[in-house]
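What follows is each chain in one-letter form.
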Amino acid sequence: MPLQGNLRDFSTTQLLNLINLSGRTGTLMIFDPVPTGEKDAMNNEKMAPGDERARVAFAKGKLVHASLSGQSGDLIAVLNKAGKLTDQQANILRERAKGTADKALAMRLIGANYVTQNDIVNSIKQFTQDVVYNLMTWNAQPFRFDDASMPPNERILVPIDLENIIIEGARRLRETEELEKHLPNLDMALKFPNNPKEKFKGIHLGVEEWRVVSFVNPKNTIRQIAKANNMTDLEIRRVVYGLEQAGLVLLVPPAGAEQKAATTRRAASSRRKRQAPVQRDVVSKLIDKIKSI
Amino acid sequence: MQTVKMVVTGPFSSGKTEFIRAISEIEVVSTERDLKKGTAEAEEKEATTVAMDFGRITVDEDLVLYLFGTPGQRRFDFMWEILAEGMLGFIVMVDSAKPETFREAKSILETFRAYAPTPYVVAANKQDHPDAWDPEDMRIALRIEPEVKLLPCVAKERDSVRDVLLELLYTILEEMD
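Those sequence lines, one after another, are chains A and B.
Heads up: the first sequence at position 171 corresponds to 157 in my numbering, and the numbers run straight through without jumps.
Heads up: the second sequence at position 126 corresponds to 127 in my numbering, and the numbers run straight through without jumps.
Bound conformation, chain B alone:
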């Protein structure tokens, strides 16, 4: 049986776990840990991913797609390279309503680009948030080249996640030509 791997990365609290949960056919194998009360992160969410999230989509008995979500906090970045090994492509999640994370998102994007010359797309997540930046403004802010797909996304909606995954697959296909 062939297995294919895709990585979902991005800054802390950008919606990586939610993205995988929305599309995975199995309950996501998550390595979330409760955040220490009183920390800045704990005000954002109660738990964070410390190693990886793991989701699965079975295509047929010969082919399975695995989705790996990276831990968003920098102190776990030693895991990134391990997760990037052999990936078919990757998705960079960016919280559209938190411009303070854009620089970090760009840095993560560049790090993953350096790990492997694989295709990738950028998902402008939380587009349903009232403070969300327009994706085209985000493209300029993040200095994303015009040929790279920057897609509006709401990670808690399965259709939106599906569209992002499809666009990544189309990109992979285009780059094979």
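Bound-form chain A, shown alone:
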């Protein structure tokens, strides 16, 4: 039976919980929401699935693979992101190992002492988890779970227990909410302050910060910088927040950038009533009657 709906009605956390508890195998696909102009049963705008945005695979209730559309999820990108391969090494490998399956490439990299098996497993785990933590912040996308679909054979699948992901995801969600409050619009751009040399003097930036700084330009939106660096929304927000708080960058609106809105929630109240006293034989009579219908 299909498992489909919208994250607005059934969140990523709830989906992960369902997949975990039912021990499912298959792939969860999340799509861009496309307004249909119709209303659903709850009077909300009905959204049809548009382009695919993410794909998360599970085996017997464990997370095994995750990728975002438009971001490379191959082994080279994963190791590069984890800092196990430099940008230069990644570029060389991309040229030399064109068309090589991830599994075969992993063997070659281990054999050449570039990385260890642990490096590969941990990097893939981290990459997969980061994608899923990012999905946990989405709240309006149509989804579908396909029991028959699994990632291609050449991909390396690392099983990860979902319980910890769900707990950690919930914690990050709170952090994300704080960051989103501070930086609600990723279509804003960044620029350096008037005296950047002074500001950067004596500052030690990490790899991620340098990657972002190298793209700082009022023409580049934060979203574009994230995409260029293969970073999730949470990661870019965290870095930009740090840089901005340190006075190293300023937020500026790029030409044509538009603002977007948020969503709401509701609650209910109740009172107690007495239960009518009914005898056991009355219920038995009812059972006999209903059986005879």
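Derived by calculation from the structure, the hints in this document are not laboratory data.
Cβ atoms here follow ideal geometry from the backbone N, Cα and C, with glycine treated the same way.
Errors might be hidden in some of the hints.
[As the list claims (entries may be wrong)] Partial selection, computed: residues in chain A whose CB lies under 7 Å from chain B: (1) L(-11); (2) G(-9); (3) D26; (4) A27; (5) M93; (6) R94; (7) I96; (8) Y100; (9) V101; (10) L237; (11) V264; (12) D267; (13) K271; (14) K275; (15) I279.
[To be verified] Listed below are the simulated DSBU-like cross-link pairs for lysine-lysine, each with C-alpha atoms no more than 30 Å apart in a straight line: (16) B:K150 to A:K275; (17) A:K48 to B:K107; (18) A:K70 to A:K187; (19) A:K32 to B:K6; (20) A:K89 to B:K6; (21) A:K46 to A:K111.
Take the given structure of chain A and dock chain B to it, following the hints.
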């Protein structure tokens, strides 16, 4: 003569009226009103229940079972408490093919549980629909405890409705023990 009451509740368009119609021995006394054209609800169905649906099953000359269906739209929820008064048990209908209504179904379930500590079952209706969720997935989605019966249902089929009613009666019996 003793009368016994059961309530059939659930979100808008979950199949409550259909459920009662399938089993009632009398033409259901319905308080349906045509929906205003152009509204979201009107796209789902032409009429909706504004006060209650009322069905009857006569057991013998001393005992009658009444089935009351609640109005599904929230703006009529002032009627729910009146209908819940003295009920023997209740059935929560959920449209298996409309996950957007699951949260509402859960909220209605909790509201009725608070009205009275009576036994209840959950009917995963429209299981014949191609987009219907599996009942066990719905149990997790709705966070229904394992001891609560969540039953597959097709409200337009009398046998299916009968099975749901029977399960509710068995639950009532078990809780009397």
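- Task: Please verify that hint: D267 (chain A), Cβ, nearest Cβ of chain B, below 7 Å or not.
- Result: violated (10 Å)
- Does K48 (chain A) pair with K107 (chain B) here, judged by a C-alpha cut-off of 30 Å? Holds, at about 27 Å.
- Task: Would you check whether R94 (chain A) satisfies its interface hint, that is, whether its CB is within less than 7 Å of any CB in chain B?
- Result: violated (42 Å)
- Message: Is the interface hint satisfied for V101 (chain A)? The criterion is a beta-carbon contact with chain B at less than 7 Å.
- Response: Hint on V101 (chain A): violated, closest Cβ of chain B at ~39 Å, above 7 Å.
- Is the hint on K275 (chain A) kept, meaning its closest Cβ partner in chain B is under 7 Å away? With Cβ-Cβ at 4 Å, under 7 Å, it holds.
- Query: K32 (chain A) and K6 (chain B): Cα distance at most 30 Å?
  - Reply: violated (37 Å)
- Proposed interface contact between V264 (chain A) and chain B, which counts if any beta carbon pair is under 7 Å: This interface hint holds because 6 Å falls under the 7 Å limit.
- Restraint outcome when A27 (chain A) is required to lie within 7 Å of chain B by C-beta distance: holds (5 Å)
- Query: Hey, does the D26 (chain A) contact hint survive, CB to chain B under 7 Å?
  - Reply: Given a least distance of 5 Å, the restraint on D26 (chain A) holds.
- Is the shortest C-beta separation between L237 (chain A) and chain B less than 7 Å? violated (36 Å)
- Query: Any CB of chain B closer than 7 Å to the CB of G(-9) (chain A)?
  - Reply: Check passed: Cβ of G(-9) (chain A) comes within 4 Å of chain B, closer than 7 Å.
- Task: Compare the distance between the alpha carbons of K150 (chain B) and K275 (chain A) with 30 Å, and conclude whether the hinted pair is satisfied.
- Result: holds (21 Å)
In summary, the numbered hints that this structure violates are 5, 6, 7, 8, 9, 10, 12, 19 and 20.
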